[in-house]
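Chemist: Starting from the structure of chain W, add chain V where the hints point.
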Amino acid sequence: MAGSSLHLVRGTLDVLVLKALSEGARHGYAVSQWIKGATSEVLLVEEGSLYPALHRLEGKGLIDATWGISDTGRRARFYDLTADGQKRLSHEVETWRRYSTAIDQALSTSGQEG
Amino acid sequence: MPLRFFRTFVNPFRRDSLEREVEEEFSFHLEQKKRDLIDAGVDPSEARRRAHADFGPEGRWRRESVKTRQTGRKRGRRIEWRNSWMQDLRHAIRGLARNPTLTVAAVSALALGIGANTAIYSVAHAVIFRPLPYPEPDRLVAIWLRERGDDGETAHGGFAYGDFVDYRDRSSTLVDMAFMSFFAADFHGERPVRVIGYTVPASYFDLLGVRAALGRTLIEEDDDRPESDRSVVLTHAFWTSHLGGDPEVVGRTFRTTTQGRSGFFTVVGVLPEDFEQAPGLNSQGGLISGIVDLFTSARTDPVTRTRRGGGGWSVYARIAEGRSLEEARTEMGSISAGLAEAYPEQDRGLEAVVMPLHALRRQAFGREMALLMGASGLLLLIACADVGSLLLISGNGRRREMSVRAALGSGRWRLIRLLMTEAFVLAVVGATAGVLLARWLQPAVVSLLPWYMPGANRVEIDVGVLVFATVLSLCTLLLFAVLPAVRATRLDVSRELKMAEQSTTGRSGLLSSLVVLQVSLATVLLLSGVLFAKSFMRLAGEKGFTDERMLIVRIAQRTESTDFDRLRVWDAVLRETRMLPGVVSVSLASHAPIQNSAESFLLRVPDRPGLEIRTLGWGVSQNYFDALGIPLVRGVGIPRWDSDALPVARRGAVGPSWNEDWGAFLPETHRVAVVSESLARTAFPDRAAVGQLIRLGNSPPLRVVGIARDLHSLGPDHRLRQRLDPSFQVYVSRALWQWRAELMIQTADDPSTHLTAIRDAVSAADPDLAVAQFITMEQRRRDEFARPRLYATVVGFFALISVALATVGLYGVLASSVQGRTREIGLRMALGARREQLRRDVLRRSLVLSTLGLAIGAVGALALSRVLDAFLYDLPPVDPIAYLLTSAGILLVAGLACYLPARRATQIDPLMALRHE
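If you read the protein sequences in the order shown, they are chains W and V.
Residue numbering for the first sequence follows the numbering used here, starting at 1 and increasing by one per position.
Residue numbering for the second sequence follows the numbering used here, starting at 1 and increasing by one per position.
Next comes chain W alone, as it looks inside the complex (with noise of 0.2 Å):
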């Protein structure tokens, strides 16, 4: 992996996994890939993570789950995002903006004073 591996802050895999359903229903690997893929592999996810997260995010009334067929023809379990769950997601993606600029802007500021 290129440069260093970062840990996943907490919380932030929720919104991954939401951006990752947001283009339609997967099932739990598919997500785990379009993670991998996405942060071209930066981010560090141990894969088995994301289940209770899906669940979680289930549980929650954000996605839904149901079971159905893979491209291979295994049974495998499909998340979808609900109307909650999309609403959830802009909303998240609009705080990590306001969030990771105002973190930018503190940091570049701080450098020229200091």
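Everything labelled a hint here was simulated from the structure, so no lab data went into it.
A couple of the hints might just be wrong.
Calculated lysine-lysine pairs in the DSS-like style (CA-CA distance at most 25 Å, straight line) [to be verified]:
{"id": "1", "chain 1": "W", "residue 1": "K36", "chain 2": "W", "residue 2": "K87"}
{"id": "2", "chain 1": "W", "residue 1": "K60", "chain 2": "V", "residue 2": "K74"}
{"id": "3", "chain 1": "V", "residue 1": "K34", "chain 2": "W", "residue 2": "K36"}
{"id": "4", "chain 1": "W", "residue 1": "K60", "chain 2": "W", "residue 2": "K19"}
{"id": "5", "chain 1": "W", "residue 1": "K87", "chain 2": "W", "residue 2": "K19"}
{"id": "6", "chain 1": "V", "residue 1": "K67", "chain 2": "W", "residue 2": "K60"}
{"id": "7", "chain 1": "W", "residue 1": "K19", "chain 2": "W", "residue 2": "K36"}
{"id": "8", "chain 1": "V", "residue 1": "K74", "chain 2": "W", "residue 2": "K87"}
{"id": "9", "chain 1": "W", "residue 1": "K87", "chain 2": "W", "residue 2": "K60"}
Modeler: Frame of chain W; chain V shown alone:
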């Protein structure tokens, strides 16, 4: 469907199935990963290792996953459950709001049923069911002596002191035995008042476990104090009303007069506000009232000590620890037998009766309460039937709605649940309204209770009854709300959609029986109400004297004075009060015309030996007949008395009571009597009564000078009614009857504004006179007629409500039947049926249903007539006029109920009706 529902309900979150699912998810993930790696050229065993490594600690993820899914699922279920209930609730409320007539009718019926029962049972609870407010109340007993006369008749009586000591000392099963002996005394506080007190031993308070709120209760030393210098414990009410709640009252000494003997009362304590005197039988077999001012203790004098063979004392005791009521009864029986042997003169035939205190209370007031509870129970039944029929109608009306819902895929269970939610909402709203109603109804019922009923001030909403009545209503609601739904959803949906309308009439059997049930129960209540009202109005309507703005002032005379002194005091009282402004008339009588403590005498006619008539008697002032508006139908009244006109030689006459010499000192002009018409007819059937001689008890011969119209004087529950004809009445001069007097003061305005002035006038006549009681004639009549008034008012009120409910029920059935037969009616109209005929059809149906109900109800009332008889005065329970009135009332209901539906039937437009689905 119900099975699945059941399963998910019982075990909805089965752990093993979740674990299997998570396991399957994981293995799919690992398998997929391995396959991708192999596709990318990784060797299979390495791919397998990498897949597991990237996945992380499998066991941990599994545990976490299963746990999250479990809680998530539970919450999800809960949310879903809640959401669907909320949805049902919204639906239900919207549905009820859409049908305001039904909702208002059902809620009112429920509120009336629940409210009436809550109010009545709460009162009954306070009066007869509430545990007595003493520690271990079930162990408390009352004891009295039953006397078996030679003729086999039994009489109940109290104890004499000797009896009390015998039983107390010989018993081991009963402890803390205490007696209660009534006395009246003049208590000289700020101004003299007549007080009601009980002499009790110190053990009385131990027995009841009562502690003083201020100072102490009586202790054993008090039992030894001389009669002229006693310790007293005041009731809270007396302390606040007569001594201004003086916090320094303990230790204060007051001058008193008891039966002519002066003495002193030293206050040792004040009882707590919630103290309740032990209920007991008085010497007449009535219950001792809750009105008492103070308790005192005293050394018993030697004469009283030896008295045995029964007396006037109520005796109480506590069953000893570990002993039973049966043992106490057995022991008391053997003590009675032993005493009868030891003192055959006095104690033969006397038997001690032991009764639990709570049973005594129930025996005394159970009858009244049972009647009220029965009437309110009937009302609740009618209300339930009413609501049931309303819901059936609305359910039938909604079969189409139900069928549509079912056709759109609503499960049957879901439909039933929706209706159940509606029922639930109705019950909750009805119960809430019922509680409000009960809060309003309760004080009204309490104010109707006879004054001597204990516990009237302790009435609280009885939650148990409220819950019972609500649950019963809810069951009714559920039954009748769900029934149509079950039927609607069971039937073939498409057929139902087409047939909904026609089938309404086919199922009206249940509906009709519900309505007939309502009418018949209402008939029973209405008939009872009419009977009670008639009985009460007959009793209370006829007076024979005026009671408007009439105040009764009872004055306690000093008993140590001579006859002549007393007469002069009365003269002075009359003089002083007559001069008061605003006073219209003042007359004086031994007691007011309606009076609990009426007295009776044996009347004899010297000319007719062997003739004895028990009659009521009064000693009255000259203006008595005028002042009370009692007409003299023949002869003259009682002559005016003037003490100063009595020859000095005769003034010394002293008679402590009505003895042989009674009246002998009076001039002959005052040895006269006025008799009532009935008495005159009975005593002198063959000649004019005026001019004849009679004797009352031991009196000298009295000449009859006049005949007065009969007046209705005895209260309906008066014990004397069993011994005499209350229309037998005789009046003598107040000069013959000076030991007791009541003033009848009629005022120009509200009599209660004159109390202070009257009190002052009485004090001006003699500063030592105690006003024992102020009461208006009206209030006294209220007291005397309390029971019949209670029955007539409560049952009458319930009867009116039940009739209203039955009208609504009948109306509902008729309206829904017209609605359901719209097509048929339209067709008939199209074929030329006249409006008149259609109207008559509706009326006929109304009459058939109500007449059937009326007939069943009348039969029921006939069956109940023995029960009703026990509560009626001078009126047979099978009273033709009452039956007639009731029938008229029910037929009126039938007419009212069919008016609107009949009009609607005639207004149906044939064209519209035929197009009507």
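Chemist: Look at each hint and say if it fits the structure.
Modeler: Each hint, compared with the structure:
no., hint, in the structure
1, W:K36 / W:K87, "holds, 24 Å"
2, W:K60 / V:K74, "holds, 11 Å"
3, V:K34 / W:K36, "holds, 16 Å"
4, W:K60 / W:K19, "holds, 16 Å"
5, W:K87 / W:K19, "holds, 11 Å"
6, V:K67 / W:K60, "holds, 14 Å"
7, W:K19 / W:K36, "holds, 13 Å"
8, V:K74 / W:K87, "holds, 23 Å"
9, W:K87 / W:K60, "holds, 13 Å"
Checked against the numbered hints listed earlier, the structure breaks none of them; every hint is satisfied.
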